[in-house]
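Residue numbers (the numbering used here), protein chains in the order written: chain A, 313 to 587; chain B, 663 to 1093; chain C, 161 to 450.
Just so you know, these hints were derived from the structure itself, not from any lab.
These numbers come from a predicted model, not from an experiment.
Cβ atoms here follow ideal geometry from the backbone N, Cα and C, with glycine treated the same way.
Where hints are given, some of them may not hold.
To be verified - Quick partial rundown of chain B residues pointing at chain C, CB under 7 angstroms, derived from the structure:
no., residue
1, 736
2, 752
3, 855
4, 978
5, 1050
What the hints assert, rightly or not - Keeping only pairs whose Cα atoms sit at most 20 angstroms apart, straight-line, the calculated SDA-like set for lysine to any residue is:
no., chain 1, residue 1, chain 2, residue 2
6, C, 343, C, 362
7, C, 316, C, 233
8, C, 208, A, 441
9, B, 922, A, 351
10, C, 283, A, 441
11, C, 363, C, 384
12, B, 728, C, 233
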Amino acid sequence: MKRKNWKIKFLIGIIITIALIWTIVPIFWILSTSFKMPTEQFTIPPTLFPREFTLQNYINFFTRSDLVRKFFNSIFVTTTSTIISLILGIPGAYALARFNFKHANLLSFIILLARMMPPIVMVVPFFMITRFLNLSDSYIPIIIASSFLSTPFAVWMMRGFFAEVPESIEEAAMIDGCTRFQALYKVVLPLVLPGTGATAILCAIIAWNQFLFALILTGPSTGTLPILVSMFITEKNIDWGIMSAAAIVTVIPMIIFGLLVQNNLVRGLTVGSLR
Amino acid sequence: MKKLKVFLVLSLLLGSLLFAKDADLRLVSEVGIHTEAWKSLMDDFTKQTGITLQLEQIPYANYFDKLMLSYTSGRNDYDVPYVSGLWVPALAKAKYIYPISDITGAKALNFKDIPGISIYTIDKKVYMIPFYQELGGVVYRTDLFNDPVEKQKFKEKYGYELQPPKTLKQYLDIAEFFYRPPDLYGITLMGQRSIFLVTHFMQRLWAMGGKLFDSKMKPTFNSKIGEKALENLKEFFKYASPACKNYVFQDALTEFENGKSAMAEIWTTALFYANNPQISKVAGKASFVGFPRTEETLNRKLPMLYISWGFVVSSSTKDKQKAIEWIKFATDPKNLVKVAPIGCIPARFSALRDPELPKKLSWIPDFEKALSNCIPTPLYPLIPEGQAIINNYLAPNISDYLAGIKTAKQALDDAAKGVYELLNNAGYYSK
Amino acid sequence: MNKKINPGVFYLLPVMLFIILIFLIPLIYSLGTSFTRWLLLRPDLGVKFIGLTNYIRLFKDIFTWQTLGRTFYFVFGAVSIETIVGFILALTLNTEFKGWKVVQSIILVPFMMAPIVVGFTWKFILDDNFGLIPYMLKAIGLGNITKDVPLLANPKMAMPMIIIADAWEYIPVVTLIILAGLKSLPIELYEAANVDGATSFQKFKYITLPMLRPVILVAVVMRTLTSLQVFDSIYVMTGGGPGSATETLSFYTYREAFISYDIGFSSALNVLIILLAMIFTIIYMKIIRG
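Can you make the complete structure from the sequences, with help from the hints?
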């Protein structure tokens, strides 16, 4: 018995070690490079730790007005589309969890299809329609696009969370004189608040990380952070340092938010797949 | 949570109010040294005329796509873009840029003084005023070529004097001679599936007397000469570093600057970088020779890779007069000579002949010699489909050939077939 | 009997309206433009109805089939690796060893990173001159792999590299789905098996695997669908190259739409992708429901 336990523990240890190294090293590499002096980026052989720690890359990043603008744009677009997704998605999810619809399957299919459709399919007509409506200079196209991408997730996740709340709770509230809407707002929503938080974060992650739509539908004044990461190739060299800084700035907020709500995030992501 | 979001949105709205008003003229350009050259003129211009300027720079790799996207999506982002002469046909045909010759005050730009002006003239209207020009050829290490020890070893091995190559055979011999991995390679090439790779093919095709198209725009690059040109290119890759297979311009430049190769098949812009002591290990040791020919074609006037960059005016620009003011100032021959050392080969005959210029850039006479023996030919055919021809048909197929996936004939035939369909679809062959 | 309007309709209407409008209108638009010749760079040629010409070109061109092949190569490779590794990781996490929650958090991180950043990270790490991996390969004696051709410029290795980058980002998702499935397995079955004296291996083979099949299937089909979307990493790592080695359907469509600006042909490609996505989505729905 003891020997078997030892063998299994050893195996687990190896698997986890590999998994951790595999996950952490690339991220660490970028983080480390963002703190390297420009000359050190190009040393052969590459160094894992910066020989000279410097914040220059980040300073360069934050002092360029066009870069900071993209940071603000990301915040604006993400916030707006998350709010839209929640406003649309929460009632919709509630409805799907509580009511029977004749065409429930068809509706679910449409929502699912919207989630699974490769963005490239939507980008081309979005681009053409935006052009036709002369909206290219505004935030509207990218906000609508981002909302479109995250709303199905919002519905999907919230539906699962609502399904876990017994209907008797609303019934009790309605007996006390509330309308269903009041019951939803005052009683049920507070109960699923952690789930809502996780859903909001997921919507934010989707909007924040979006690249293809941002590439096509935004201009110099409406561009978002992911655009930057693809763009620091000067005529001389790829400036790995400042690109790494841009990359870190792009991913850190979402990593932090994501980890904060990870339990509910995991529940939300998997609950739909386990009927 | 919600309060934080509201706060952020409010602060953003406030912040957007603080963002400055647009300048009189919005310029856009790539990130490169000739942009640096005219950037240094911007303040003087505003002082002299009171017209404010604002510049956005986009890395070269993304520049054309972003500029095109900006135009096709119907936005009015830029007034005076600084573009490559190659893009002019596409931009003009789609009516995204306005004919400069039609703007009042354009006469002052003195079109006669501009080399290669026919390249930017479509339907008798001039669409671009070049600031900068250069040729594709071979950049080489003067120290290695002038070294007496090397000269002697070379003469012993090949039977003739070591000098900047005039023929393809000499070019290949020298590449082989200096192939001493891993410290020194004979030649630096740009092997990434892109326009850069295609330039190597085109230079050889032309040097051997071949052509990309016939007069009816039917592809002729898949001829026997084309196959020979491709095979010749493969020979050269033998004497280049293995990393060359993934190189674009900046990588090739870095390799040469680090002293890792004796020659680089690149264009004259490279000299500004290579001779800059702050970034190059071979500063002061780089010079230029026009692309070698074959024995038969030595004295013919052949097409040679010609690159120029200049200013165009967007159709959506409100005040085109102001645009002309800037262009006039930036391309004034005196200003061109002044900023030449920063990184500009002036695109004006009068500036090239200015006796002050060779004092600042020693290799100008070599440049002039090559220029006089060639037909300046842009990297892409001067049609809107030009870029697609190079990027979507020639580049992938040449890349496939070098990777060993296709034979030379297969690769060129496939490319020719694709190009033929493309042009047919766009109405070039119908009468 | 008077027909009452289902009160739920009011809650559902806004979101369905939004999705249907924003989703269906572009799809129909794409369908429409797929029957035209519309070259944005040639406004002089106008918009011309050309019937099925784009589709004929699409199916006659061998490049389309090669692209489909490459796309399925990518999807198959990515999903297989992610499923196998995800399964192993899920089993390991399920043993709830000390600190497993921390490990779960760390493993989750790549999923939250923007795909474009993941692409950039791997491009850098695979860089022949300055990247970590070629250096380490040389250090352990496998330098031959990158000797002649850098990894991302090697037609045989480029796609595997894209697959690896994709796997790095999405293994966490598969892991979590399978882990959730493992946690929801009824303990009673295992207890009954223990009473009968089953070994761990037998328990695994006759209880765990069969009961997990639906979950694994769900993960596989979901990942298949979402890997059809891959774009960002290809854009920044290889640009579709070397040659066309990493050009998938999505990237091909992007090139036709935003480099060649051939709206008609790229719309036909769009329709093809839509059909593929619909087929797999229907399969996915059947699995979840069944």
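Structure-based check of each hint:
1. 736: Violated. Min distance 11 angstroms.
2. 752: holds, 6 angstroms
3. 855: Residue 855 of chain B check passes; min Cβ-Cβ to chain C is 4 angstroms, inside 7 angstroms.
4. 978: Cβ of residue 978 of chain B sits 14 angstroms from chain C, so the hint is violated.
5. 1050: holds, 5 angstroms
6. C:343 - C:362: This hinted pair holds, its Cα atoms lying about 19 angstroms apart.
7. C:316 - C:233: holds, 12 angstroms
8. C:208 - A:441: The given pair, whose Cα atoms are some 18 angstroms apart, holds under the 20 angstroms limit.
9. B:922 - A:351: The given pair, whose Cα atoms are some 18 angstroms apart, holds under the 20 angstroms limit.
10. C:283 - A:441: With Cα atoms ~34 angstroms apart, residue 283 of chain C and residue 441 of chain A exceed 20 angstroms; violated.
11. C:363 - C:384: It is violated: about 29 angstroms lies between the C-alpha atoms, which goes past 20 angstroms.
12. B:728 - C:233: violated, 31 angstroms
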